[in-house]
Amino acid sequence: MTWTFLIDALVTVIGITTPILLAASGELVVEKSGVINLGIEGMMLVGAITGFAVAFEFSNPWIGIGAAALAGVATSMIFAVLVLSLGTNQVATGLALTIFGIGLSSLIGTNYTGFAALPFDPPFPDALVQHPIWRVIFGHSVFVYFAFLLVFTIGWFLSSTRAGLVLRSVGENDFSAHSIGYPVVAIRFAAIAFGGAIAGIAGANFSMVITPMWAEQMTAGRGWIALALVVFAGWRAGRLLAGAYFFGVLMTLELYAKASGYAIIPSQFWAAMPYLIAVAVLAFISSRDGKSGKEPACLGKPFLPNG
Amino acid sequence: MRLVLEKRLEQSQLMLIMTPILSVIGVMIIGVILFDALGFDGFDAVWQLFITPVIDSYKWRDVATKAAPLILIGLGLSIGNRAKIWNIGAEGQYIVGALSAAGISVLTQDLTGFWIIPLMLLGGMVGGAVYAAVPAGLKTRYGVSEVLSSLMLVYVSLQLLSYLITGPWKDPNGMNFPQTAQLTEAQLLPRELGDSGLPPGLLFALVAMIIFAVIVDRTVFGFSIRTIGEAPQAARFGGFKSNQIVWSALMISGAMAGLAGTLEVMQLTRLNLGFPSGYGFTAIIVSLLGRSNPIGVFIAGIVLAVTYVGGQVAQTVVHVPNATAGLFQALILFAILASDLIVRYKIKIKTNRLQVQS
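As they're listed, the protein sequences go chains Y and R. Position 151 (the first sequence) corresponds to 758 in the numbering used here; numbering is contiguous. Position 210 (the second sequence) corresponds to 334 in the numbering used here; numbering is contiguous.
The set of hints was computed from the structure by calculation and includes no laboratory data. Given the structure is predicted, the values throughout are model-derived calculations rather than measurements. The C-beta atom is built at its ideal place from N, Cα and C for all residues, glycine as well. Check the hints yourself; a few may be wrong.
Output of the computed footprint for chain Y on chain R, the stretches with three or more beta carbons under 8 Å from beta carbons of chain Y [as the list claims (entries may be wrong)]: (1) 180 to 187; (2) 223 to 229; (3) 300 to 312; (4) 327 to 334.
Here are the in silico distance ranges between beta carbons for each label pair [claimed, not checked]: (5) Y:I872 - R:D168: 49 to 57 Å; (6) Y:A723 - R:A355: 52 to 60 Å; (7) R:Q368 - Y:A866: 46 to 54 Å; (8) Y:Q737 - R:I153: 27 to 35 Å; (9) Y:F612 - R:R315: 52 to 60 Å.
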């Protein structure tokens with residue numbers, strides 16, 4: 608009985624962690640390029656409804672995921688044009704993107720409430736998927752494996768490739784990068800589009816697997832957790848993975864505390880924990896390395912080469 | 125021939141006033157096209173959203189009720205905007221302000237006296253300010269971005285609200301509903317101002333607007349807030365301490381959000397799980413649309429309140445979802461941010477022949 612309980616808990620942790628890991632991985636790349644996009648929540652919601660609706664209409668979850676990624680890119684481009692081409696404030700624009708995404712997804716979603724999502728089975732044989740123990744590894748949706756692959760690829764890309772180095776240089780010192788001939792704005796456009804695609808996929812993870820249906824604001828603030836997670840991880844892919852699972856465990860504890868009905872520590876405490884810890888970590892890393900921390904030096908600053 | 129941006133020496137005052145108006149009109153036009161594309165009657169939807177609440181006097185009370193908190197919070201945020209300090213967590217300060225007032229109401233449940241209402245108002249403002257002091261302290265002491273810390277605290281406040289009203293402050297006679305006990309007579313403001321039908325919050329908003337106008341235009345503090353945002357270097361030479369500005373900008377916006385939260389509790393007569401309304405976020409749009417000018421913020425608060433009320437009207441008449449209001453609010457913010465470009469820059473057409481220098 609204890610075994611089953613433990614395996615169940617692990618499966619829950621992995622499932623609940625994946626969308627925030629995905630969204631945070633995308634945002635990590637965006638922030639490494641020197642741009643902070645507070646619109647993750649909005650892009651996730653647009654991805655969630657698009658993924659759900661397209662998978663539903665085409666009876667094919669894969670097309671749904673592709674559409675969610677494209678919807679995420681399209682939404683992120685609103686942000687990119689405003690911030691990069693018109694030099695608007697990134698904080699306000701990102702916030703507007705979230706409000707926009709909430710509204711747009713609800714508008715599209717009115718015709719899709721009340722339907723169950725297309726079943727989307729794990730990509731392994733049933734014998735492994737339903738195996739009492741091996742389901743810890745094989746019993747997940749494709750999103751879980753994609754998230755692992757993604758975070759390792761991003762870690763490798765940022766630390767060991769030339770393109771990754773260029774991306775980081777744009778985030779650390781946009782003016783120098785510009786003066787030695789790198790297309791700062793184009794690189795940031797690409798980074799924002801990538802973040803949008805991944806946020807869209809993270810949203811599809813919600814509406815196709817986690818709660819297989821569409822509901823208004825179904826991501827319930829997880830986009831903000833992803834944002835906190837990037838800070839929490841000190842802008843490093845490896846710590847992002849560890850941090851995501853840490854948050855995932857906290858969120859699972861909240862679920863169990865709620866389900867158990869009685870608890871010495873109220874479930875709200877567990878729910879507030881990720882945010883409180885994120886604030887504490889923020890204070891810690893900011894104080895340790897002076898003002899800069901590990902944050903990309905140009906984060907949030909506009910870059911208008913001729914302005 | 126190409127388009128060139130030329131930085132203006134001073135922001136264009138005409139554009140500063142015209143762009144918010146043009147933004148709202150532009151969004152209305154986009155709305156017609158968008159709704160037509162989605163298969164609704166676009167013109168009717170936009171009419172219900174933006175015009176019906178203005179011309180239908182039965183809707184004025186609703187508009188005023190929603191405008192009051194937006195104006196109060198927006199005024200507070202306008203101080204931070206001027207100093208380029210981003211308090212994204214006004215929603216959290218609004219909730220904690222409401223909780224502080226509700227806490228006082230729980231303690232004074234069996235008491236009467238003229239002092240209870242002022243105490244609740246003060247308590248709400250202190251609660252909001254204290255909650256905003258956390259990001260202020262973290263910023264001045266450790267250099268933590270107030271954007272992230274204030275935002276994270278919104279989610280903490282939601283859990284605090286949920287905990288308090290399902291636990292310690294739950295109405296003992298409330299049949300186990302997660303809500304606080306109803307406020308008593310001694311804890312409530314009059315329902316309306318005289319016989320006008322307008323809510324008391326509007327009077328608070330009007331008075332606050334005047335106070336803010338005086339502060340911004342006529343005091344050294346207002347001057348330093350303006351200078352530090354527009355010319356941080358000059359402000360430093362002038363001897364203004366940036367830490368003081370961070371503290372005051374956040375504390376003022378926190379207190380205003382707390383006041384708005386308190387008035388809203390009095391309006392609703394109790395706290396429940398449906399209390400968080402997103403006013404704290406929408407107020408950011410209000411402060412930017414109002415160009416951080418007190419009179420502008422007052423008008424912008426009414427405009428945004430119109431979209432809330434109009435959203436409900438459009439929902440029943442044209443059957444667009446209620447979330448449409450949020451969509452329009454976001455579009456207004458996009459438009460006002462984008463239009464900043466023509467406030468700060470002149471757009472000039474240059475021909476290659478004439479281009480001697482650059």
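Checked hints:
1. 180 to 187: With 0 residues in contact (Cβ-Cβ under 8 Å with chain Y), the coverage given for the region 180 to 187 of chain R is violated.
2. 223 to 229: violated (count 0)
3. 300 to 312: With 0 residues in contact (Cβ-Cβ under 8 Å with chain Y), the coverage given for the region 300 to 312 of chain R is violated.
4. 327 to 334: violated (count 0)
5. Y:I872 - R:D168: 49 to 57 Å: Between I872 of chain Y and D168 of chain R, where Cβ atoms are some 52 Å apart, the hint holds.
6. Y:A723 - R:A355: 52 to 60 Å: Taking Cβ atoms as reference, A723 of chain Y and A355 of chain R lie about 58 Å apart, which means the hint holds.
7. R:Q368 - Y:A866: 46 to 54 Å: holds (48 Å)
8. Y:Q737 - R:I153: 27 to 35 Å: violated (56 Å)
9. Y:F612 - R:R315: 52 to 60 Å: Given range 52 to 60 Å: holds, Cβ gap about 54 Å.
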